[in-house]
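Enquirer: Add chain E to chain X, keeping to what the hints say.
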Amino acid sequence: MKELLEKLTSAFGPSGYESRVRDLILETIKNDIDEYRIDALGNLITRKGTRKANGKRIMVSAHMDEIGLMVTHVDEQGFAYVTNLGGVRPLNLMSNRVVFADGTEGMLCARDMEPGKIPALDQYFVDTGASSRKSCKVKIGDPAVFVGRFVDMGDRRMSKTMDDRIGCLIAIEALKALKDSPHEVRFVFSVQEEVGLRGAKTSAYSVDPEIGIALDVTLCNDTPGLTERNLKFGAGPCIKAKDGSLVGTPWLNNALYDAAERAGIPYQVEVLRGAGTDAGAISLTRSGVPSSVISVACRYVHTPSEMVDVSDVKQAIQLLVEFLSKEIK
Amino acid sequence: MNDIPKIKEILTDLCSLPGVSGHETPVAEEIKTIWSKLCDEISVSRLGNVYALKKGINAPEDAHRKVLFATHMDAVGMIVTELTGEFVRFEEIGGLDPRILPGQFVTIHTKTGPVKGLIVMPTKSLTKETYGSNPIPLKDLLIDTGYEAEDLQKIVRPGDVISYANDPVSMQDDTFSGHTLDNRASVAAVAVCLQELQTIQHKWDVIAAATVLEEESMAGGKTAPVDIRPDIAVAIDVTFATGPGSKEWNTRPLGSGPALGFGMNIHPKLYELFKGICEELRIPYTTEFSPRMTGTDGRELQVALNGIPTIVISIPLRYMHTANELISMKDVRDVGHLLAEFVHRLDENTMDSLVWED
Numbered sequence: 001m002k003e004l005l006e007k008l009t010s011a012f013g014p015s016g017y018e019s020r021v022r023d024l025i026l027e028t029i030k031n032d033i034d035e036y037r038i039d040a041l042g043n044l045i046t047r048k049g050t051r052k053a054n055g056k057r058i059m060v061s062a063h064m065d066e067i068g069l070m071v072t073h074v075d076e077q078g079f080a081y082v083t084n085l086g087g088v089r090p091l092n093l094m095s096n097r098v099v100f101a102d103g104t105e106g107m108l109c110a111r112d113m114e115p116g117k118i119p120a121l122d123q124y125f126v127d128t129g130a131s132s133r134k135s136c137k138v139k140i141g142d143p144a145v146f147v148g149r150f151v152d153m154g155d156r157r158m159s160k161t162m163d164d165r166i167g168c169l170i171a172i173e174a175l176k177a178l179k180d181s182p183h184e185v186r187f188v189f190s191v192q193e194e195v196g197l198r199g200a201k202t203s204a205y206s207v208d209p210e211i212g213i214a215l216d217v218t219l220c221n222d223t224p225g226l227t228e229r230n231l232k233f234g235a236g237p238c239i240k241a242k243d244g245s246l247v248g249t250p251w252l253n254n255a256l257y258d259a260a261e262r263a264g265i266p267y268q269v270e271v272l273r274g275a276g277t278d279a280g281a282i283s284l285t286r287s288g289v290p291s292s293v294i295s296v297a298c299r300y301v302h303t304p305s306e307m308v309d310v311s312d313v314k315q316a317i318q319l320l321v322e323f324l325s326k327e328i329k
Numbered sequence: 330m331n332d333i334p335k336i337k338e339i340l341t342d343l344c345s346l347p348g349v350s351g352h353e354t355p356v357a358e359e360i361k362t363i364w365s366k367l368c369d370e371i372s373v374s375r376l377g378n379v380y381a382l383k384k385g386i387n388a389p390e391d392a393h394r395k396v397l398f399a400t401h402m403d404a405v406g407m408i409v410t411e412l413t414g415e416f417v418r419f420e421e422i423g424g425l426d427p428r429i430l431p432g433q434f435v436t437i438h439t440k441t442g443p444v445k446g447l448i449v450m451p452t453k454s455l456t457k458e459t460y461g462s463n464p465i466p467l468k469d470l471l472i473d474t475g476y477e478a479e480d481l482q483k484i485v486r487p488g489d490v491i492s493y494a495n496d497p498v499s500m501q502d503d504t505f506s507g508h509t510l511d512n513r514a515s516v517a518a519v520a521v522c523l524q525e526l527q528t529i530q531h532k533w534d535v536i537a538a539a540t541v542l543e544e545e546s547m548a549g550g551k552t553a554p555v556d557i558r559p560d561i562a563v564a565i566d567v568t569f570a571t572g573p574g575s576k577e578w579n580t581r582p583l584g585s586g587p588a589l590g591f592g593m594n595i596h597p598k599l600y601e602l603f604k605g606i607c608e609e610l611r612i613p614y615t616t617e618f619s620p621r622m623t624g625t626d627g628r629e630l631q632v633a634l635n636g637i638p639t640i641v642i643s644i645p646l647r648y649m650h651t652a653n654e655l656i657s658m659k660d661v662r663d664v665g666h667l668l669a670e671f672v673h674r675l676d677e678n679t680m681d682s683l684v685w686e687d
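Those sequence lines, one after another, are chains X and E.
At position 217 of the first sequence (counting the first as 1) the number is 217 in this note's numbering, and the numbers step up by one without a gap.
Quick note, this note's numbering runs 329 ahead of the 1-based positions in the second sequence.
Excised from the complex, chain E in its bound form:
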């Protein structure tokens, strides 16, 4: 269990950095640092995807097969729309629930540097409409920076990106809380996998991709296959863990291990492969049924190029898209381990075994 502090360290680093969709540079730099120690080559795409190549062995150059691990690195956040007196109005990037925003500290990334802010809710008597007992919608929320109107005008301007500012916290029973565990937890899981691959022989090339813009347009997941041309794609993301008010049938407990995707975006044989590995190695797992398109890069990966056998592997997470998401580090470790064992088993016969039979 001596790798627990390492995951904690990586998560702490990653969840302390901004990286709102389309503005991923701060976290991309950190991911490059973490992954570069564990791979052969690092590159960056035109849209900002970070690719880490870990080369396979014992295969002639032209027969090299490639597996793509796609983990999006972008975060939900906000963007300044206008200044109203000494307050800032904003709009969401990605999906936010306005009910959990008031009281959160945020950072506004201005041309001249970061500005601290607090999301506040105007008293109901000051809003135009009457909301009764309903929550005040996003358009009526404000950010208070402490600046007076005149100074604010000079520093903050429309288009400035806003990120959650709270620090991550290591919690009881191997759990961890912070903003943007969606999807930095998966970036950490891929680091665990790359770490394990240092001492595992594998025939296939592994390309870990930290993708951009998943929360907005899935642009990173859509364009990565054109750069990489993978034979198999695995999207690693988070999914809903059982929590207050959750429905049992489509959630799973924290600590229940990887959630293996099953549904229209997922190649049934890949599901069987992953399930087999979990059973063989006694890695706990659950199956996540996705009767429709999954809300992950997986749905773009599957239909990229001339079609790529794809699976989605997810880490259970509570309080998605809030400033305090919660995961179990055990799940991060299990997902990393499962990915490494999957790579270990990839050989020259794998592609022939991937026949779509339902």
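The following block holds chain X by itself, in its conformation from the complex:
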């Protein structure tokens, strides 16, 4: 599991450029699924099992894409200016390294370096070591992601892009462990979540599920200085009551709580002020899909060093497998 997570988090896959992540996932799961297809936007849509009399068609979605940057222009001296792909906060950019699809690395700095002030995104540029526009290897439109090495910290793991390769890992491990389910489970590895839940929107339309579950990270607020301490490390997977895109369907959440209790797993009920996940898009598909989210508390989301707790991840897998294995009432 550790090796797979390292591979997943290390893969390059900003929103709209997910093919390397998709290839890696497909290679890992192709012997464990009954069929798959890749749709026009690049979503990997798989099927595991068939729908029995007491079963449902369930879409389980984990997004493959990660936040990143895109070059807007390169100046005469070869400095590449950037805009955001997804929710990049200028605060998290300063002095960080980024890598482009061809392996070119660069560091982020800003024009306006007034002490005590956070420069706006349009002030940032990437220095790739080029001496002129002509010699600069990156061009307008090239996407980049954070450099953030995978670190095994014992009980915890740190890397770039835990958001949402941890969801991909949970989906992969669950689909491998899942035996004897009454449900037709459509594991979807979606694209372009970070730029507006776009892959989930189109894949849910084609899957036409009866229940939607997204797997994602959520904000762990057990670090110093945060007033709300409702989600913490080591307290089990989180089940979504509300975020900016979704009110978790009450009967579905009850079924998830029951599954956690059956499996003897602790869980945390999650209320998030903003943000959204694939479940928000799934729930609005066609004539509506009851939906919720199993999430993993993650510290430092959308930085190059996202951190998760190993026991939370293992329990999220257990919870998903238990939920998918039984009839849902």
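Quick caveat, the hints were computed from the structure, so don't treat them as lab data.
Since this is a predicted model, take the numbers as computed values, not measurements.
Hints may contain errors.
As the list claims (entries may be wrong) - Stretch-level coverage of chain E by chain X, calculated; a stretch enters the list once three of its residues show a Cβ under 8 Å from a Cβ in chain X:
hint: 1; region: 350 to 363
hint: 2; region: 370 to 377
hint: 3; region: 404 to 413
hint: 4; region: 480 to 489
hint: 5; region: 545 to 553
As the list claims (entries may be wrong) - The calculated lysine-lysine pairs, modelled on BS3-like cross-linking and capped at a C-alpha distance of 27 Å, are:
hint: 6; chain 1: X; residue 1: 52; chain 2: X; residue 2: 326
hint: 7; chain 1: X; residue 1: 7; chain 2: X; residue 2: 117
hint: 8; chain 1: X; residue 1: 232; chain 2: E; residue 2: 483
hint: 9; chain 1: X; residue 1: 232; chain 2: E; residue 2: 468
hint: 10; chain 1: X; residue 1: 117; chain 2: E; residue 2: 468
hint: 11; chain 1: E; residue 1: 598; chain 2: X; residue 2: 329
hint: 12; chain 1: X; residue 1: 329; chain 2: E; residue 2: 440
hint: 13; chain 1: E; residue 1: 483; chain 2: X; residue 2: 329
hint: 14; chain 1: E; residue 1: 384; chain 2: E; residue 2: 576
hint: 15; chain 1: X; residue 1: 176; chain 2: X; residue 2: 7
hint: 16; chain 1: E; residue 1: 440; chain 2: X; residue 2: 232
hint: 17; chain 1: X; residue 1: 326; chain 2: X; residue 2: 30
hint: 18; chain 1: X; residue 1: 56; chain 2: X; residue 2: 201
hint: 19; chain 1: E; residue 1: 361; chain 2: X; residue 2: 326
Glycine included, every Cβ here is placed at the ideal spot set by N, Cα and C.
Expert: The following block gives chain E in isolation, referenced to the frame of chain X:
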């Protein structure tokens, strides 16, 4: 005027029930009871929309046209985020103004049943930041249930939904106050319409929808057209009535009748149709200009499927999203009457007349 007590009775029922966005079941059951006496069929969608079908007459089955009346039934409310000692912290569902919350009684809906609570404001010396003369933000407000910390931990938990707990009040001059008149007033107006349709011949099918989640994601309004496949959609909601501090140009007095929507979400010919009916029958009306997207189900209905001619009809309301909203029951009656007269006029030529010309 003998229908006044009936509207009052319906509003009293509806505004005494919780039904926070995503948790509409209590009010949905009541709406089913009220509407089922006035329609041919009741059904419920996967997300919880309640549909009441009143069949039209004299049209072959395959040529039946359908009009959808969408009224959202969900309410703004709150949700528990964490317990801190003997107090509850919470977050909003829908949009709330934290200034009006302290002092309100609420109900926390727990697994073991309803728990009464009072929203309180910690004294400024106890909050981390100094707010000066600014109001204390939502994140620093608390709910006191009277339980001690240990008991509270056993009963209340994060994710429990919280609703306003005050009873509705019938006020002077045909007015009515209570929580969630946004948008139960419109549910009542649709009941008035269905009541009138009992004695009116109409060719089109009417589907009244009580939609879910309008205050959060408009999920009910977005998905209803896929179930119903209507030819025309009407969103019925509330709008800002003239009140303390309101701007005159985009508000209208209580009792001024239906506010007919006009703007990018509204089909101009539908506006003309409704306006014509108001003028013909001397129903008072105002025009509500919505240069941008309306904050109603109307904006989702218009772009659902391959596009649906849509209009938004609104009931003027004061003190929106507070625990004590205020409407005139006369407006509820006028909106119901207007909707019924609109249905009466729908025929086989209506769709051909709906050409978008501006």
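Enquirer: Run the distance test for residue 117 of chain X versus residue 468 of chain E: straight-line Cα separation, threshold 27 Å.
Expert: It holds: about 26 Å lies between the C-alpha atoms, which stays within 27 Å.
Enquirer: With a Cβ-Cβ cutoff of 8 Å, does the region 404 to 413 of chain E contain at least three residues near chain X?
Expert: It holds, with 4 qualifying residues against the three required.
Enquirer: Check, residue by residue, whether the region 480 to 489 of chain E contains three or more positions whose beta-carbon lies closer than 8 Å to a beta-carbon of chain X, and give the verdict.
Expert: It holds, with 3 qualifying residues against the three required.
Enquirer: So if I understand the rule, the pair passes when the alpha-carbon distance is 27 Å or less; does residue 329 of chain X with residue 440 of chain E pass?
Expert: holds (17 Å)
Enquirer: Between the region 370 to 377 of chain E and chain X, see if three or more residues pass the 8 Å beta-carbon test, and mark the coverage as holds or violated.
Expert: This one holds; 3 residues, not fewer than the three required, reach chain X with a Cβ under 8 Å.
Enquirer: Is the listed coverage of the region 545 to 553 of chain E by chain X valid when you require three or more residues with a beta carbon under 8 Å from a beta carbon of that chain?
Expert: It holds: at least three residues are needed, and the region 545 to 553 of chain E offers 7 whose Cβ sits within less than 8 Å of chain X.
Enquirer: Would you mind confirming whether the straight-line C-alpha gap from residue 598 of chain E to residue 329 of chain X stays at or under 27 Å?
Expert: violated (47 Å)
Enquirer: Take the C-alpha atoms of residue 326 of chain X and residue 30 of chain X, compute the straight-line distance between them, and say whether it is at most 27 Å.
Expert: holds (24 Å)
Enquirer: What's the verdict on residue 232 of chain X and residue 468 of chain E, does the C-alpha distance respect the 27 Å limit or exceed it?
Expert: At roughly 18 Å apart (the allowed maximum being 27 Å), residue 468 of chain E and residue 232 of chain X satisfy the hint.
Enquirer: For residue 56 of chain X and residue 201 of chain X, compute the direct alpha-carbon distance and say whether it is at most 27 Å.
Expert: holds (20 Å)
Enquirer: Taking only the CA atoms, is the gap from residue 176 of chain X to residue 7 of chain X under or equal to 27 Å?
Expert: Holds: residue 176 of chain X and residue 7 of chain X sit about 17 Å apart, inside 27 Å.
Enquirer: Mind taking a look at whether chain X covers the region 350 to 363 of chain E? Criterion is 3 or more residues with CB to CB distance under 8 Å.
Expert: With 4 residues close enough to chain X, the hint holds.
When held up to the earlier numbered hints, the structure conflicts with 7, 11, 14 and 19 and fits the remainder.
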